Amino acid sequence: MLFSGAALAEKTKSISVIVHADNTTDTLTKKQLIDLYMGRYVAFPDNQSAQPVDTLTPEGLKSQFYKRLVNMPLSRVNAYWSRVKFTGRATPPSTQDSEQVLLNFIANNPNAIGYVFSDSLSLKDKQDVKVIMELYE
Amino acid sequence: MLRLLCALLYLSSFFGICAERATISGFGNIGAVHSNSDIYRFRTDISRENDNFEDSIDFNAISSLGLQTDIVLHPDFDFVGQVIYRGQKHITLDDTLSLAFLRYKPTPSWEVRVGRTLLDLYLLTEYRDIGFAYPWSKVPTEIYGLLPYRSLDGADFIYFISKGALDYRVKLFTGESTSNIALDNENVELTIDDVIGLSVELSQFDWTLSLKHTQAKTKNNISTMTSIIAGLQQIPKQIWPDKTQFINDFSLVNKTAYFSSAGLKYDIGAFTFLTELAHLRSDSSVVSAVKSGYISSTYNFDKGQVFYTYAIAKSKTSEFNDAVNIQRFLPNQVEEIILAVNESFRVFSPNQQTHSIGMRYDLKDNIAIKVQLDHSNINAQGGTLWSYQGMNTLAPKESFSTFFISVSFTF
Numbered sequence: 665m666l667f668s669g670a671a672l673a674e675k676t677k678s679i680s681v682i683v684h685a686d687n688t689t690d691t692l693t694k695k696q697l698i699d700l701y702m703g704r705y706v707a708f709p710d711n712q713s714a715q716p717v718d719t720l721t722p723e724g725l726k727s728q729f730y731k732r733l734v735n736m737p738l739s740r741v742n743a744y745w746s747r748v749k750f751t752g753r754a755t756p757p758s759t760q761d762s763e764q765v766l767l768n769f770i771a772n773n774p775n776a777i778g779y780v781f782s783d784s785l786s787l788k789d790k791q792d793v794k795v796i797m798e799l800y801e
Numbered sequence: 002m003l004r005l006l007c008a009l010l011y012l013s014s015f016f017g018i019c020a021e022r023a024t025i026s027g028f029g030n031i032g033a034v035h036s037n038s039d040i041y042r043f044r045t046d047i048s049r050e051n052d053n054f055e056d057s058i059d060f061n062a063i064s065s066l067g068l069q070t071d072i073v074l075h076p077d078f079d080f081v082g083q084v085i086y087r088g089q090k091h092i093t094l095d096d097t098l099s100l101a102f103l104r105y106k107p108t109p110s111w112e113v114r115v116g117r118t119l120l121d122l123y124l125l126t127e128y129r130d131i132g133f134a135y136p137w138s139k140v141p142t143e144i145y146g147l148l149p150y151r152s153l154d155g156a157d158f159i160y161f162i163s164k165g166a167l168d169y170r171v172k173l174f175t176g177e178s179t180s181n182i183a184l185d186n187e188n189v190e191l192t193i194d195d196v197i198g199l200s201v202e203l204s205q206f207d208w209t210l211s212l213k214h215t216q217a218k219t220k221n222n223i224s225t226m227t228s229i230i231a232g233l234q235q236i237p238k239q240i241w242p243d244k245t246q247f248i249n250d251f252s253l254v255n256k257t258a259y260f261s262s263a264g265l266k267y268d269i270g271a272f273t274f275l276t277e278l279a280h281l282r283s284d285s286s287v288v289s290a291v292k293s294g295y296i297s298s299t300y301n302f303d304k305g306q307v308f309y310t311y312a313i314a315k316s317k318t319s320e321f322n323d324a325v326n327i328q329r330f331l332p333n334q335v336e337e338i339i340l341a342v343n344e345s346f347r348v349f350s351p352n353q354q355t356h357s358i359g360m361r362y363d364l365k366d367n368i369a370i371k372v373q374l375d376h377s378n379i380n381a382q383g384g385t386l387w388s389y390q391g392m393n394t395l396a397p398k399e400s401f402s403t404f405f406i407s408v409s410f411t412f
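Heads up: the sequence lines are chains A and B, in that order.
Going by the working numbering, the final residue of the first sequence carries number 801, and the count climbs one at a time with no gaps.
Going by the working numbering, the final residue of the second sequence carries number 412, and the count climbs one at a time with no gaps.
Just so you know, the hints here were simulated from the structure itself, not pulled from any lab data.
Do not take every clue at face value.
Below, in silico cross-link-like pairs of lysine-lysine (DSBU-like), each with a Cα-Cα straight-line distance of 30 Å or less [claimed, not checked]: (1) A:Lys677 with B:Lys317; (2) B:Lys164 with A:Lys726; (3) A:Lys677 with B:Lys304; (4) B:Lys317 with B:Lys244; (5) B:Lys256 with A:Lys731; (6) B:Lys244 with B:Lys256; (7) B:Lys292 with A:Lys731; (8) B:Lys106 with B:Lys164; (9) B:Lys292 with A:Lys726; (10) A:Lys726 with B:Lys90; (11) A:Lys677 with A:Lys694; (12) B:Lys244 with A:Lys675; (13) B:Lys256 with A:Lys695; (14) B:Lys172 with B:Lys365; (15) B:Lys304 with A:Lys694; (16) B:Lys266 with A:Lys731; (17) A:Lys731 with A:Lys675; (18) B:Lys256 with B:Lys317; (19) A:Lys731 with B:Lys317; (20) B:Lys365 with A:Lys695; (21) A:Lys695 with B:Lys398; (22) B:Lys398 with A:Lys794; (23) B:Lys218 with A:Lys726; (24) A:Lys726 with A:Lys695; (25) B:Lys317 with A:Lys695; (26) B:Lys218 with B:Lys164; (27) B:Lys164 with A:Lys694; (28) A:Lys790 with A:Lys731.
A few chain A residues that don't get close to chain B, going by computed Cβ distances all over 10 Å [unchecked claim]: (29) Ile698; (30) Asp699; (31) Pro716; (32) Lys788.
Listed next, the stretches of chain A that the computed footprint assigns to chain B, with coverage defined by at least 3 CB atoms under 8 Å from CB atoms of chain B [unchecked claim]: (33) 700-711; (34) 727-741.
What you are looking at is a predicted structure, and each value in this text was computed from that prediction instead of being measured.
All residues carry an ideal CB built from backbone N, CA and C; glycine is no exception.
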């Protein structure tokens, strides 16, 4: 019962897409975010190269992000990437261990883009990174 | 070309020391195939031998293992190297190396790749050996079985632009490629060079329209053809005045082959539809004009996919007797040569169709189990996509089923 409660909470939490505070991008369309995270056009709207980043924890964040982004389970996202990556077209997003490591990484890399559960962002985080989009269930 | 590839490898190893990011990953497929035909044995394409006519279960035909390294050398440069084992008889660097290219990507919109890339002939050619990438146990043989070539040693230029809701991707490539062709009693090498190809894709994330055209020159005759041509040269001109023209048409040397395809992939709700039409022809009479195509529909659910595919390949085979005005009552040796010529006309001449149903279930995010049942109808003399012991000119009509089970994974 506890497990299902936690899973339900994850499903209803909003996800914030974040970039470095100095990044000139203020907002993205869903198509632009799909292009960035699916290796199609890995750049911000001003054509600056982007560095998308995934995170391993908390559990459920990555799967919720891709479910909301492309409506696919992670296995199908991986199948998609296997045909993009192993044909030499593009490389998938790099991976950070946790939300906090991801936040530090983005705070130090002007071209990076990542995502966290919105309620994980502290006031201090919001000085270093900028929320450019929110994804809801 | 191999020297250039080795130089790229060494160069990348050197730069690897100061690489910004280097990763190693891989993919594989462990599978078994069982067919209830006593005559035809499954093979993924005509480069593969399958002389396993004794055992009823084949563990080799769809099994493969690939390893890849991605090395970011500089924000604008990266190197990708990949080796793949898919049952090659000779495990040499040249036979197993499927990717070894240096990429220069100064802007997100365009890139240049130099070295060994995957030959982008049809919609699925680049990833047909990566089982985890698609729901089926293997890509439709009717289109892909006649393409032995995997890699291209050369260069390509790719331009990608996103305008409004649509994405456009244009790719130009050039180079050469070599592959083996497994015949009944020998394995021969056939090189194509002066390859020039164009691929245009128009897409959104949930659909892709792809148009591709490639031209290439076949560089050499396969060895049996060399002997046949030597035999044809011996026929006196008195009994065959058109001999020179026939031999010129028959030879593969310096003849242009044309590969064209149009494909559409469309995701709508829980369904994915995929269809492709392909046309292959050559200026040599040995390669029949082949029209092929497939349509596949897949139902996607949480952990898996269920699919149905129909694929067909049709070709019109040249006939020696149609092609020449040759006198009757020929000496025995000439009759044998005619037989050999007609045999050659059937090396690249499939006539068959297949209905497939199957399922993929994702055991983990990177491991999938797949089962597939094919029912194939092979026309008489049309089974060139299969391994067959005997003369192609005598190959019979056959209807049979083939069962595939496999586990595909990435790491």
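Hint by hint, here is what the structure shows:
For the suggested pair Lys677 of chain A and Lys317 of chain B, the alpha carbons sit about 61 Å apart, so the restraint of at most 30 Å is broken. Restraint check: the Cα-Cα separation between Lys164 of chain B and Lys726 of chain A comes to about 28 Å, which is no more than 30 Å; the hinted pair holds. As the CA atoms of Lys677 of chain A and Lys304 of chain B are separated by approximately 23 Å, the hinted pair is consistent with the 30 Å bound. Proposed proximity of Lys317 of chain B and Lys244 of chain B is supported: the alpha carbons are some 22 Å apart, at most 30 Å.
Our distance criterion of 30 Å between C-alpha atoms is broken by Lys256 of chain B and Lys731 of chain A, whose separation comes to about 50 Å. Between Lys244 of chain B and Lys256 of chain B the CA atoms are separated by roughly 18 Å; this keeps the pair inside 30 Å, and the hint holds. A hinted pair counts as satisfied when its Cα atoms are at most 30 Å apart, and Lys292 of chain B with Lys731 of chain A does not qualify at roughly 39 Å. For the suggested pair Lys106 of chain B and Lys164 of chain B, the alpha carbons sit about 20 Å apart, so the restraint of at most 30 Å is met.
With a C-alpha separation of about 44 Å, the suggested pair Lys292 of chain B and Lys726 of chain A falls outside the 30 Å cut-off, and the hint is violated. Distance hint between Lys726 of chain A and Lys90 of chain B is unfulfilled; the C-alpha atoms sit about 42 Å from each other, more than 30 Å. The hinted pair formed by Lys677 of chain A and Lys694 of chain A meets the criterion: a straight-line CA distance of about 18 Å does not exceed 30 Å. Straight-line distance between C-alpha atoms of Lys244 of chain B and Lys675 of chain A comes to about 76 Å, which puts the hinted pair past the 30 Å bound.
Under the criterion of a C-alpha separation no larger than 30 Å, the hint pairing Lys256 of chain B with Lys695 of chain A is inconsistent with the structure, at around 45 Å. A threshold of 30 Å between alpha carbons decides the hint, and for Lys172 of chain B with Lys365 of chain B the separation of about 34 Å lies outside it, so the pair is violated. Annotation: proposed proximity of Lys304 of chain B to Lys694 of chain A holds, straight-line Cα distance about 25 Å (limit 30 Å). With a C-alpha separation of about 20 Å, the suggested pair Lys266 of chain B and Lys731 of chain A falls inside the 30 Å cut-off, and the hint holds.
The straight-line distance between the Cα atoms of Lys731 of chain A and Lys675 of chain A is roughly 10 Å, inside the 30 Å bound, and the hint therefore holds. With a CA separation close to 19 Å, the supplied pair Lys256 of chain B and Lys317 of chain B stays within the 30 Å bound. Our distance criterion of 30 Å between C-alpha atoms is broken by Lys731 of chain A and Lys317 of chain B, whose separation comes to about 48 Å. About 28 Å separates the Cα atoms of Lys365 of chain B and Lys695 of chain A, which keeps this hinted pair within 30 Å; it holds.
For the given pair, Lys695 of chain A sits about 51 Å from Lys398 of chain B by alpha-carbon distance, which is inconsistent with the 30 Å threshold. About 67 Å separates the Cα atoms of Lys398 of chain B and Lys794 of chain A, which puts this hinted pair outside 30 Å; it is violated. For a cut-off of 30 Å, the pair hint linking Lys218 of chain B to Lys726 of chain A is broken: about 48 Å separates their Cα positions. Between Lys726 of chain A and Lys695 of chain A, the direct Cα distance comes to roughly 18 Å. Compliance with the 30 Å bound is thereby established for this hinted pair.
At roughly 46 Å between alpha-carbon atoms, Lys317 of chain B and Lys695 of chain A are farther apart than 30 Å, so this suggested pair is violated. Among the hinted pairs, Lys218 of chain B with Lys164 of chain B is inconsistent with the structure: their alpha-carbon atoms are about 36 Å apart, more than 30 Å. Annotation: proposed proximity of Lys164 of chain B to Lys694 of chain A holds, straight-line Cα distance about 14 Å (limit 30 Å). Distance restraint check for Lys790 of chain A and Lys731 of chain A: the Cα-Cα separation of roughly 25 Å lies within the 30 Å cut-off, and the hinted pair is therefore satisfied.
The claim that Ile698 of chain A lies off the interface is violated: its Cβ sits roughly 5 Å from the closest Cβ of chain B, which falls inside the 10 Å cut-off. Not every Cβ of chain B is farther than 10 Å from the Cβ of Asp699 of chain A; the closest lies at roughly 6 Å, contradicting the non-interface assignment. For Pro716 of chain A, the non-interface assignment is confirmed: its Cβ lies about 12 Å from the closest Cβ of chain B, beyond the 10 Å cut-off. Every CB of chain B is more than 10 Å from the CB of Lys788 of chain A (nearest about 28 Å), matching its label as outside the interface.
Check result for the stretch 700-711 of chain A against chain B: holds, 6 residues qualifying (beta carbon to beta carbon below 8 Å, three or more required). Look at the stretch 727-741 of chain A against chain B: 5 of its residues bring a Cβ nearer than 8 Å to a Cβ of that chain, three or more, so the hint holds.
In terms of the numbered hints stated before, the structure departs from hints 1, 5, 7, 9, 10, 12, 13, 14, 19, 21, 22, 23, 25, 26, 29 and 30, listed from lowest to highest.
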